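Enquirer: Starting from the known structure of chain D, arrange chain B on it as the hints suggest.
Protein sequences appear in the order of chains D and B.
The opening residue of the first sequence carries number 1 in the working numbering; numbering runs sequentially from there.
The opening residue of the second sequence carries number 1 in the working numbering; numbering runs sequentially from there.
FYI, nobody ran anything at the bench for these hints, they're computed from the structure.
Nothing here was measured: the structure is a model prediction, and the numbers come from that model.
Please note: incorrect hints may appear among the correct ones.
Unchecked claim - Using 35 Å as the maximum straight-line C-alpha spacing, the simulated DSBU-like pairs for lysine-lysine come out as follows:
#1 B:K80 x D:K17
#2 D:K68 x B:K80
#3 B:K79 x D:K41
#4 B:K79 x D:K3
To be verified - Listed next, with one range per pair, are the computed distances between beta-carbon atoms:
#5 B:V15 x D:N52: 47 to 55 Å
#6 B:S1 x D:E58: 31 to 39 Å
#7 B:N63 x D:F10: 31 to 39 Å
#8 B:Q55 x D:G16: 44 to 52 Å
#9 D:V80 x B:I53: 44 to 52 Å
#10 D:M62 x B:I53: 22 to 30 Å
#11 B:Q13 x D:K41: 16 to 24 Å
#12 D:K41 x B:P95: 20 to 28 Å
#13 B:P95 x D:P39: 25 to 33 Å
#14 D:N18 x B:N30: 38 to 46 Å
#15 B:S57 x D:K3: 27 to 35 Å
#16 B:S1 x D:F10: 33 to 41 Å
Using N, Cα and C, we set each Cβ at its ideal position, and we do this for glycine too.
Each chain, written out:
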Amino acid sequence: ELKVEQNPLFLSMQEGKNYTIYCNYSTTSDRLYWYRQDPGKSLESLFVLLSNGAVKQEGRLMASLDTKARLSTLHITAAVHDLSATYFCAAPNTGNQFYFGTGTSLTVIP
Amino acid sequence: SQTIHQWPATLVQPVGSPLSLECTVEGTSNPNLYWYRQAAGRGLQLLFYSVGIGQISSEVPQNLSASRPQDRQFILSSKKLLLSDSGFYLCAWRPWGASPLHFGNGTRLTVT
Numbered sequence: 001e002l003k004v005e006q007n008p009l010f011l012s013m014q015e016g017k018n019y020t021i022y023c024n025y026s027t028t029s030d031r032l033y034w035y036r037q038d039p040g041k042s043l044e045s046l047f048v049l050l051s052n053g054a055v056k057q058e059g060r061l062m063a064s065l066d067t068k069a070r071l072s073t074l075h076i077t078a079a080v081h082d083l084s085a086t087y088f089c090a091a092p093n094t095g096n097q098f099y100f101g102t103g104t105s106l107t108v109i110p
Numbered sequence: 001s002q003t004i005h006q007w008p009a010t011l012v013q014p015v016g017s018p019l020s021l022e023c024t025v026e027g028t029s030n031p032n033l034y035w036y037r038q039a040a041g042r043g044l045q046l047l048f049y050s051v052g053i054g055q056i057s058s059e060v061p062q063n064l065s066a067s068r069p070q071d072r073q074f075i076l077s078s079k080k081l082l083l084s085d086s087g088f089y090l091c092a093w094r095p096w097g098a099s100p101l102h103f104g105n106g107t108r109l110t111v112t
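Next up, chain B with everything else stripped away, as it sits in the complex:
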């Protein structure tokens, strides 16, 4: 069966520090991969979307970037965090077709 792993679960980082969040999917190949951010008490904002290795679509211009170095690995990065980057970051995957998104457990990031 397919599983998605996302880590770390929680992270506290100072302003200006770098960020790297990792997401991996097991049990499938060539999945569509997504990064979302959820601010406290708010909806989900689509950050990045990928249909294959090295293919990244960015939804919102910001100081975040994403990479997909391997088929089932999706990484969210920042060189310098801002206070406004705090939030709940969710990675999701889906196969081709009409399947729903399947979410990881999320990373709760607090920038201090």
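With the rest of the complex left out, here is chain D:
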């Protein structure tokens, strides 16, 4: 089973600040996905990273992938309250079974 770890598990940050969420996975995977989950809701796809060095940006969020280090990052720039949610990364194995990280619960404080 592919292991996916995220840190931190909990993140409380002030509006306007920057921070990075880290996602490590245990075996070779050339793709990495980021999702957002609002409380009591389902998951929404944010980013699809398909190759080493891939970088995707949407608003105040930017995701990157380093397949050699088996590491993906989700960088938050100038956080706003609307970004408060739980963020998950997921990596597929060669059989396209997707394994999710433990999630990072982000709270942005005014």
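Expert: For chain B alone, coordinates are given in the frame of chain D:
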């Protein structure tokens, strides 16, 4: 466009009762289908994965089972629920290629 339907949205069942959760996908054919469970405040655990009718891979041995009687229908079942089966059950689908998973709205199951 493709849509995924999952029902019911919430369910309260006594211990020892049976379970049937249904998921259907519209607007696509031969999707990969997935069942995940999320315990309160926790991450997602992959339960079952299917690449086609009658083809089910089980990730975790437990008292749950899955079936895919039609191309776009995925059913999660149990003959006798345990307290530990409580959680948020999510169905997801994806086409072939590098597309992400697309999730249904989920079923919140409470076993009492």
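Enquirer: All hints are to be evaluated individually against the structure, with a verdict given for each.
Expert: Quick rundown of the hints versus the structure:
For the hint pairing B:K80 with D:K17, the CA-to-CA distance comes to about 49 Å; that exceeds 35 Å, so the pair is violated. A distance of roughly 45 Å separates the Cα atoms of D:K68 and B:K80; the hinted pair therefore is violated under the 35 Å criterion. A C-alpha spacing of about 27 Å is found between B:K79 and D:K41, which places the hinted pair at or below 35 Å, so the restraint holds. Using a Cα cut-off of 35 Å, the hinted pair B:K79 and D:K3 holds, with the two alpha carbons roughly 30 Å apart.
Evaluation of the 47 to 55 Å hint for B:V15 and D:N52 yields a pass: the beta carbon distance comes to about 49 Å. Distance hint check for B:S1 and D:E58: the Cβ-Cβ separation is about 21 Å, which falls outside the suggested range of 31 to 39 Å. Range check, B:N63 to D:F10: about 32 Å between beta-carbon atoms, so the 31 to 39 Å window is met. Hint check: B:Q55 to D:G16, Cβ distance near 50 Å, so the stated range 44 to 52 Å holds.
Our hint of 44 to 52 Å for D:V80 and B:I53 holds, since their Cβ atoms are close to 46 Å apart. Distance hint for D:M62 and B:I53: a CB-CB separation of about 40 Å, inconsistent with the stated range 22 to 30 Å. Range check, B:Q13 to D:K41: about 22 Å between beta-carbon atoms, so the 16 to 24 Å window is met. In this structure the supplied range 20 to 28 Å holds for D:K41 paired with B:P95, their Cβ-Cβ distance being about 23 Å.
Roughly 29 Å separates the CB atoms of B:P95 and D:P39, a value that falls within the hinted 25 to 33 Å. Between D:N18 and B:N30 the Cβ separation comes to about 43 Å, which falls inside the hinted range of 38 to 46 Å. A hinted range of 27 to 35 Å for the beta carbons of B:S57 and D:K3 is inconsistent with their spacing of about 18 Å. Under the hint 33 to 41 Å, the C-beta atoms of B:S1 and D:F10, about 36 Å apart, fit the expected range.
In the structure shown, a violation is registered for the earlier hints numbered 1, 2, 6, 10 and 15, in ascending order.
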